[in-house]
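Undergrad: Build the full structure now, drawing on both the sequences and the hints.
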Amino acid sequence: MLHYSNFRYNEPMKDTTFTTSDVRKIAGLANIPVTDEEAQDLAEGFTKTLKVVDTLSEVDVTGVTPTNQVTGLENVFREDEIDKTRIFTQEEALKNGKRVHKGFFVVDQVLEQ
Amino acid sequence: MKLNHLTVKDAITKLKKKEFSHAELYKDLHDAIAEKNSLYNIYLSLDAEAVSKADALLDTPLAGIPIAVKDNFLTTVLPTTASSFVLKGFRPPFDSTATKKLQKAGSVVIGKTNMDAWAHGSSTETSDFGPTKNPRNPEYLPGGSSGGSAAAIAANLTIGAIGSETAGSIRQPASWCGVVGLKPTYGRVSRYGVIAMASSTDSPGPIGKTVEDCAIMLTHMAGHDRYDGTTLPRPVPDYTKALTKGVKGMKMGICYMDHPNIKGTDLDTAILKAAKVFEEMGARVDMIPMSRDGKKGTILAPDYAIGVYTVVQRSEVSSNLARYDGVRYGADRSVFAHEAKNRIMLGTFTLSKGYADKYYVRAQQVRSLYRKNFEDLFSTYDVLLSSPTPGYALPSGASNGDPLFGELQDMLVEPSSLVGNTGISVPCWRNPETNLFLGLNIMGDQWQEEKILQAAAAYEQATDWNEWAK
Chain A
1 MLHYSNFRYN EPMKDTTFTT SDVRKIAGLA NIPVTDEEAQ DLAEGFTKTL KVVDTLSEVD
61 VTGVTPTNQV TGLENVFRED EIDKTRIFTQ EEALKNGKRV HKGFFVVDQV LEQ
Chain B
1 MKLNHLTVKD AITKLKKKEF SHAELYKDLH DAIAEKNSLY NIYLSLDAEA VSKADALLDT
61 PLAGIPIAVK DNFLTTVLPT TASSFVLKGF RPPFDSTATK KLQKAGSVVI GKTNMDAWAH
121 GSSTETSDFG PTKNPRNPEY LPGGSSGGSA AAIAANLTIG AIGSETAGSI RQPASWCGVV
181 GLKPTYGRVS RYGVIAMASS TDSPGPIGKT VEDCAIMLTH MAGHDRYDGT TLPRPVPDYT
241 KALTKGVKGM KMGICYMDHP NIKGTDLDTA ILKAAKVFEE MGARVDMIPM SRDGKKGTIL
301 APDYAIGVYT VVQRSEVSSN LARYDGVRYG ADRSVFAHEA KNRIMLGTFT LSKGYADKYY
361 VRAQQVRSLY RKNFEDLFST YDVLLSSPTP GYALPSGASN GDPLFGELQD MLVEPSSLVG
421 NTGISVPCWR NPETNLFLGL NIMGDQWQEE KILQAAAAYE QATDWNEWAK
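Residue numbers (our numbering), protein chains in the order written: chain A, 1 to 113; chain B, 1 to 470.
Calculated from the structure, these hints are not laboratory results. Bear in mind that the values here come from a model prediction, so they are computed numbers and not experimental data. All C-beta atoms, glycine included, are put in the ideal place defined by N, C-alpha and C. Accuracy of the hints is not assured; some may be wrong.
To be verified - Footprint (simulated), chain B over chain A, 3 or more residues, beta carbon under 8 Å:
no.: 1; region: 22-36
no.: 2; region: 39-50
no.: 3; region: 67-74
no.: 4; region: 92-102
TA: This is the structure in structure tokens:
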């Protein structure tokens with residue numbers, strides 16, 4: 001059995017718990033359909049996961065700058081020119097589409113009429 | 001000996017000397033695949049025409065040798081699915097830079113290998129196309145996410161292979177399958193055309209039978225790519241030149257030995273024995289104490305890295321997998337399996353309004369602490385020693401139902417991966433009862449691939465764990 005942590009924490013953590021309605025709200029944001037059974041399972045999984053993540057709250061990060069990029073690159077630019085080797089033909093662009101119509105992709109309506 | 005058992009190095013040398021033909025090499029390989037692929041479920045697709053492409057490549061550096069490619073590298077010759085039904089049958093209209101470079105150097109993509117779907121996992125059990133079995137012992141997992149590529153090497157169903165790693169996905173399966181896997185520095189190998197998982201850590205790299213094979217493949221994969229802004233315009237050395245330098249005078253530090261997941265296990269013994277081997281070859285090896293704050297001279301415990309990695313990885317997954325809407329390619333979002341749903345949604349939560357500061361920003365701050373800690377340690381040490389994963393391969397089914405299975409398996413590499421460092425796993429122990437292996441993880445600072453290859457090659461030569469290196 002592996003250990004999540006070799007630490008004893010100073011104070012007992014207050015658990016972040018997820019309900020199925022929390023999961024449904026997130027599912028809506030992520031545009032992921034979930035069944036009732038999945039929502040229950042995901043809620044339990046999120047609660048368990050956040051319990052481990054919440055250990056970060058006891059680390060002193062006062063004045064520490066967040067690291068988003070690790071090799072120190074900043075503002076990488078390129079010439080604004082057309083790269084003809086990377087242009088798809090219409091046929092290539094459409095060939096993996098499941099719903100195409102007269103050379104276009106078909107998308108679901110997003111605005112109410 | 002059947003020709004499919006050859007290393008990259010030997011296959012190239014012998015092909016060039018005309019000791020056998022491409023047809024003979026590919027025949028042995030295809031026979032072995034026909035016999036064993038259904039037992040282990042390694043290849044998702046195979047190029048039956050591969051041999052016809054190889055003949056013309058004899059005068060190239062890689063001489064027409066076959067390579068197995070993890071199914072998250074886009075290839076125009078074969079479908080690319082990332083082991084998800086969402087991309088079932090997807091035919092990419094372009095090639096990844098890494099595979100293109102390897103093909104240009106004279107290798108042939110023989111097939112695409114199974115993986116955890118979207119690279120979400122460390123078992124290859126989350127593949128929508130069924131799990132891969134560990135060829136060393138089919139009752140056990142091969143690890144993951146690059147489990148198919150590591151298993152292809154272990155079963156001699158290819159000559160060379162490539163995978164990708166964010167934290168453990170090359171080295172952990174290499175360790176569990178008893179093969180060699182190298183995770184390059186972030187930005188050393190282009191991510192262009194590799195199905196994005198966690199963009200700030202994704203690192204494509206080689207998986208091979210020997211350290212030398214990994215050095216050969218890395219030499220032909222690495223380099224600046226104008227299509228990936230995170231690659232650096234640093235020169236690419238011939239990495240094989242580092243292999244014969246030896247370790248005399250090298251400074252090495254052993255990490256995480258006091259962690260309960262290592263202490264008292266076979267790994268404990270194996271790492272200490274490896275340290276002894278290095279000392280006998282003239283390296284200076286220190287034990288680095290583990291700490292909770294990363295103060296100078298200590299290694300910051302890996303425990304917090306689980307939290308950091310979980311938040312960073314899930315957040316980046318939620319952003320990267322937003323593109324799969326079923327419009328331009330692939331199926332719609334209802335086809336995502338459980339693990340992808342779990343990760344996309346948790347990442348959506350950690351990036352959402354009111355929680356991003358608490359989780360995402362804090363995780364990136366703790367990431368900075370790990371970065372500082374490694375900068376300190378690499379000002380003293382050439383390489384650091386540990387294992388890619390706390391122990392042997394686990395039995396089939398072990399990953400089911402645990403949302404943090406992967407994070408526990410990968411905890412020993414999460415700190416160094418989160419800061420972009422390189423590392424290589426080499427076999428360092430074999431349990432004679434189960435035939436399962438342990439791996440030694442030799443970690444280097446960013447851009448120190450030559451140092452880790454130097455140490456790994458010396459270790460491989462001085463020990464008997466690697467049957468292909470004899």
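Undergrad: Does the region 92-102 of chain A contain three or more residues whose Cβ lies closer than 8 Å to a Cβ of chain B?
TA: It holds, with 7 qualifying residues against the three required.
Undergrad: Closer than 8 Å Cβ to Cβ for three or more residues is the test here. Does the region 67-74 of chain A pass it with chain B?
TA: holds (count 6)
Undergrad: Just to make sure I understand the rule, a stretch counts as covered if three or more of its residues have a C-beta closer than 8 Å to a C-beta of the chain. Does the region 22-36 of chain A meet that for chain B?
TA: holds (count 9)
Undergrad: Are at least 3 residues of the region 39-50 of chain A within less than 8 Å of chain B when you compare beta carbons?
TA: holds (count 6)
Consistency with the previously given hints is maintained throughout, with no hint failing.
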